[in-house]
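Asks: Since the structure of chain A is already known, use the hints to place chains B, C, D, E and F on it.
So the sequences go chain by chain: A, B, C, D, E and F. Count along the first sequence from 1, add 2, and you get the number used in the numbering used here. Count along the second sequence from 1, add 2, and you get the number used in the numbering used here. Count along the third sequence from 1, add 2, and you get the number used in the numbering used here. Count along the fourth sequence from 1, add 2, and you get the number used in the numbering used here. Count along the fifth sequence from 1, add 2, and you get the number used in the numbering used here. Count along the sixth sequence from 1, add 2, and you get the number used in the numbering used here.
What the hints contain is simulated information worked out from the structure, not anything from laboratory work. Where hints are given, some of them may not hold.
[To be verified] Sample of chain A residues facing chain F (criterion: CB under 8 Å; computed from the structure):
#1 P39
#2 A40
#3 A42
#4 S43
#5 Y46
#6 S47
#7 L50
#8 S51
[Unchecked claim] So the derived label-pair ranges between C-beta atoms look like this:
#9 E:D243 / D:K261: 31 to 37 Å
#10 E:G204 / A:Q26: 46 to 52 Å
#11 B:S70 / E:E36: 52 to 58 Å
#12 C:K266 / F:N83: 51 to 57 Å
#13 D:A29 / F:D205: 27 to 33 Å
#14 C:A37 / A:Q26: 28 to 34 Å
#15 D:A37 / C:A37: 20 to 26 Å
#16 D:E268 / C:A37: 52 to 58 Å
Nothing here was measured: the structure is a model prediction, and the numbers come from that model. Cβ coordinates follow ideal geometry from the N, Cα and C atoms, glycine included.
Number of protein chains: 6
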Amino acid sequence: MPAGELRHTESSAEVEGEAWVWAQIKAEARRDAEAEPALASYLYSTILSHSSLKRSLSFHLGNKLCSSTLLSTLLYDLFLNTFSSDPSLLAAAVADLRAAHERDPACVSFSHCLLNYKGFLACQAHRVAHKLWIQSRRPLALALHSRIADVFAVDIHPAARIGKGVLFDHATGVVVGETAVIGNNVSILHHVTLGGTGKAGGDRHPKIGDGVLIGASATILGNVKIGEGAKIGAGSVVLIDVPPRTTAVGNPARLVGGKERPSKLEDVPGESMDHTSFISEWSDYII
Amino acid sequence: MPAGELRHTESSAEVEGEAWVWAQIKAEARRDAEAEPALASYLYSTILSHSSLKRSLSFHLGNKLCSSTLLSTLLYDLFLNTFSSDPSLLAAAVADLRAAHERDPACVSFSHCLLNYKGFLACQAHRVAHKLWIQSRRPLALALHSRIADVFAVDIHPAARIGKGVLFDHATGVVVGETAVIGNNVSILHHVTLGGTGKAGGDRHPKIGDGVLIGASATILGNVKIGEGAKIGAGSVVLIDVPPRTTAVGNPARLVGGKERPSKLEDVPGESMDHTSFISEWSDYII
Amino acid sequence: MPAGELRHTESSAEVEGEAWVWAQIKAEARRDAEAEPALASYLYSTILSHSSLKRSLSFHLGNKLCSSTLLSTLLYDLFLNTFSSDPSLLAAAVADLRAAHERDPACVSFSHCLLNYKGFLACQAHRVAHKLWIQSRRPLALALHSRIADVFAVDIHPAARIGKGVLFDHATGVVVGETAVIGNNVSILHHVTLGGTGKAGGDRHPKIGDGVLIGASATILGNVKIGEGAKIGAGSVVLIDVPPRTTAVGNPARLVGGKERPSKLEDVPGESMDHTSFISEWSDYII
Amino acid sequence: MPAGELRHTESSAEVEGEAWVWAQIKAEARRDAEAEPALASYLYSTILSHSSLKRSLSFHLGNKLCSSTLLSTLLYDLFLNTFSSDPSLLAAAVADLRAAHERDPACVSFSHCLLNYKGFLACQAHRVAHKLWIQSRRPLALALHSRIADVFAVDIHPAARIGKGVLFDHATGVVVGETAVIGNNVSILHHVTLGGTGKAGGDRHPKIGDGVLIGASATILGNVKIGEGAKIGAGSVVLIDVPPRTTAVGNPARLVGGKERPSKLEDVPGESMDHTSFISEWSDYII
Amino acid sequence: MPAGELRHTESSAEVEGEAWVWAQIKAEARRDAEAEPALASYLYSTILSHSSLKRSLSFHLGNKLCSSTLLSTLLYDLFLNTFSSDPSLLAAAVADLRAAHERDPACVSFSHCLLNYKGFLACQAHRVAHKLWIQSRRPLALALHSRIADVFAVDIHPAARIGKGVLFDHATGVVVGETAVIGNNVSILHHVTLGGTGKAGGDRHPKIGDGVLIGASATILGNVKIGEGAKIGAGSVVLIDVPPRTTAVGNPARLVGGKERPSKLEDVPGESMDHTSFISEWSDYII
Amino acid sequence: MPAGELRHTESSAEVEGEAWVWAQIKAEARRDAEAEPALASYLYSTILSHSSLKRSLSFHLGNKLCSSTLLSTLLYDLFLNTFSSDPSLLAAAVADLRAAHERDPACVSFSHCLLNYKGFLACQAHRVAHKLWIQSRRPLALALHSRIADVFAVDIHPAARIGKGVLFDHATGVVVGETAVIGNNVSILHHVTLGGTGKAGGDRHPKIGDGVLIGASATILGNVKIGEGAKIGAGSVVLIDVPPRTTAVGNPARLVGGKERPSKLEDVPGESMDHTSFISEWSDYII
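Just chain A, same shape as in the assembly (with noise of 0.2 Å):
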């Protein structure tokens, strides 16, 4: 797979926006469906018949979280909406999809990513859904995020703010509280937790700062804030702030480097997707 950067530079802002991506998703389906008849179907139903990534986004998503009380054409009627009436949704969907095409290996394709990511599916749900939240239509945001939580195991409250540019990895298991914060450009893996810390009510969520690496099955509890660039271990479990820029690990967490002068990265984990390097540092801190 080519370099993230390599596409960056091969295209403007313009032609990498909403029609760049949706003529690669099509072009993708298209050679797909050549090659196998099997499939020919499904990528015709969900992308090749649609005019539109958010024509396509809707019907998907209808389909994936419809049941038998919550029909698929309420759901894509919803869904295409709320799309239609705030742009910077697909936007945001947009930024998802480059996200995930820049930082799993495993993403062989747009196409792959909008069709079979749990997480960039749950995400984009997600977004209607708080959509619906802040428009005081609780109730509905509500059993829409019962059926994501159902249908992919990801149960992120529809008060939850998240930003652009957002990978959520494998996805299974993540719980995201209703005041927790995501900022733009994060990565958090599967069964990572923001979550409160009673029931108190108020602002009782972490607050994830820009360009955040979360290792899977890492919990954080509470109004911590994770500083911007910083680096959470695979199952780490965080109950403190951890400044920007550092990594914390370990169960309870404790900062690389010491908790006075912490290890200062040099990269964006988010975007680096650098789970390990902290490793020789780490056993030197513990053992």
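Replies: Chains B, C, D, E and F only, in chain A's frame:
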């Protein structure tokens, strides 16, 4: 949201019963149906068209858990007959609804829990599976168990015994083994495992006392005893008994305050839901 | 339940094969259908109406994994054709059925595993996806992968290689990356991650030797080697190689007995399923 | 097939009742399930898993008549409650089963009729719709009417009154208007219309006496009286009263034997099902 | 039911339009939903959750006509886009609703017709198929035609041209051929055939003038002209032109009053729906 | 559309076989999929993803005829196995496709017939039901018969014998009794009944010779013989034998040209489809 105690004070045991909760649920659904026409069909089919909570719950579970080989009508019948034959099942459901309402600040209404909480729904379906299990209708209990595990990603063995007033919060990924026992007024977060020790049969899973709180991603293995009112920190791996009203945290889990004289909790963590008050003490202890 | 060895003794390699297991399954299903009319329709459609294990399994997987855009008939055809074209797939399924039967005390019968174990079903569907992957039918393999991840919350990349006699117990939340390899007779509990190290492609996931046991919620990252017969404790975060027949526990994981002279296991943990015998030694080591 | 009289002789009124017919149906289904595994799932789900005829019939109608907007569970409940509240509905169903068994040589068993005869099923669903109609639950009655008309292509207005022991043979295309009345032991072939006269309301549809036989594609219009034991030839267009025990044929229909002294029938055509004995006489009369 | 004229008088062309009818439909559905909770879900999903008649109709047709290979979302989209692109389609639907309401005494409300009349629904779906046909999207038009024929047993070739204010009463079994034309304010009963003459292509089907009434089971074959305001008796077989305002009955059909000086009708039979006033005259003529 | 003879001339018996027709169907579907993206998913799933006509047909019938209690996978398997075991069934299907293509000017392509003609589809499903019937798998044959009657409103008893090259045009409402026989190259319009005479068993239904044409709504009752090449006028009621190459019309039907010296037809009406050429002669005869 008003505090749980307030409601306790306001309502006697009688009005707090099934009838009162069902009346609340209908009123909430009616209000939501009026405010949100797009959801009204859903609310009428799941709640407002039914004459009782047990019918509503049987309908909802039947439609959630059905598959092409286990039809909704069969499951509806099974749920309705089982709920009708043993009133304690519905009393437990009502206690669970109240538990969610009181303990989870994100729970905006009883109907929200009834319709949307996968932990609540999985638990009620489990109660029916458990009833079948103790009636020696084991293949049917296991088939139901399998549907619950597929649909909600909640895997509770039908032989496991669960008390009343239990909150499975978020619930995705919960695994409860065959000989596990969960007391009353327990709160269990997502990804919690109450697991066994190996391939030998017999009594091999944890026993959770009344009022226990188990944090997200905690793993408790073997026939260990978690004393009443104990608290298990998020991400802990517990392989030992935990005395009543103490806190165990870490991997492997240790008692906060030390093995010899652990700190004693003053409230009931399963009800107070205080996940993080041990942090300062824990940090002192470990680092 | 009788011990696994007893059954081994009773039956020669020949009778233990597919025919014998299929005959057992049919006998179990017939017994259950007679005892439980409410389940008989399910048992006939999934097992008793079929002339072979591969047809039964193809039918069951087709109906479990289908969606409104990937029809059950298409999937049934795909499974049946793939199982028919490569007999090793079915031999592996039989070995997996036997593994569950022998190692999991909650597995009451072969038919219980065939019908209800999401780990078993996800693994068999993965074998078909993997076959498609190595035939360069990648878009179809990835679409199947996506359905498995949605329906079972088990996310195994179609390129991952998996041996025979593998038990995915409970299975919810398992994530296995693209270049991971899992040997024969391995047992893996739920929420286990065999993950990568970052955004670079190439060989970046764990290699799990024969007979390994990986406890619940363990996270193993990077191209590390877990030696044959090793044991990974529940909740461990493993970033290093683990020698054969040793035990790694903790976050970060360390070898029980110490890095230099780790304790050696005498049985095969992937088969004995002993999750907790290291507890006393571990406690000594750490505290 | 043994003659109808023989069975009458063999069984007293008591054994001929619902219990006896239901026992027959179960025995037939059990025999067929054993002989044809491919059908066993169907027979168990529709018949053998049920404890009574009314449950079996409610299940079967619920699953046949449901749609994405009228769920099977809702219809099952509606049928079961209505059959339970008025035993005469089930008594009529039993009489209809016996009628098909006795009069239709292609009816090989009671279970064949119960499962496969669209005329039988449409009639039983109509009885429920009629019950709703006279309880002034008209919108629900009409919605059910619409489903019957869609699914079976049998269009009986819910206000129409229908006796017992009625056979709708083949049934496709039958139309029965709002004020029509059909007596006991009537046999009606497919494409028969009992239609109105225009746009004025009021009593405007045919009244069909006991024991009448109406041949295929006959059209009877207006508030005319077809006397008991009369026979209407296939393809006839009847716009006039037909006296008891006479035969009307042709377009427009005339009485066989002439208007003044029509030939009198000796048997009950609705039971003997003799469609064509009038041919020679008719030919004489017309040509 | 009040007479049709009264309503005409009461409402100007403007209030009689779509807005007025849609308001009526919503009011009826609201009343029925309150009176019948079991139907409320259905009424909300089909009518009350929609913002316009075209959305309601598109939703209802999409869900009625979908199949496992033609998804409801695709059809919903197709209907909605087509209705939106050509307002004359919806104007015709409104005229048809009014026609049913005025001419059919069994039509208790506009919503009853919208939801339950297969003739109305088949006709609206046909209008969309016809639109596709004249846009040269013939394969799609024919696929839609096939679904209409399966679901409603109404078989109208997508090339057939149909006017406004048309009532297909009962509708089961109607067949209308490729080159048939049906004028405005026509009423056609069930089992009516407007058929061709053979295997030669070209203009080969009947042309039905404005205001014609065609009785049940009438068969009209060939490129014949049924003059405006003519009446075709039930069961007639018409192979000849029928002059305006005359009545044809019988098999083969002849003009009432004789070929030379047929009786002239004074009202418009397609609107007055008088099916049988010719009886006495006919009897005189024939016998 | 080119005339039928031209195609006969162009293609030898060999190229006209299944392979040629299947190639045509695929080419047509490919062309249509390209021209109409909204239909491409449908065309791929029903035709283009299949490797043979028998797989395509089995898939399409399985999805059309399935219900919640008779799954599509079961039916697909049943159709595929039956078509595979008896090649004459598919040869008959090909002959029927050709018949529709040649005789029906509204049949624009082979794929149109394969996908959309309910008469064609009902006939092929009947052939499978008939095969099951003669293998003494009667309950399964009757269950299939019931599904065909529900879905297509075409009611052909599974014991009825039907030749090749048969066209059921429009098909809605066709009823064919148990002992009926239909020869080769017969064309039968909608609402045609080949019915019995009463409740006695035995040989009691019509025998239709080769090349017969039966017009819409014709009713033929009893064990009468319709000689080869005969024509039955639309709406006729036939209770007598009809000699070869003669025309019967009317109610009751009489021979055109008179009983003694009926007019002889020169072409084969079942192939020429000339429905109305007898009109002038008939008129002369009757009036």
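Asks: Run the structure past the numbered hints and jot down the numbers of the failing ones, going up.
Replies: Structure breaks hints 11 and 14.
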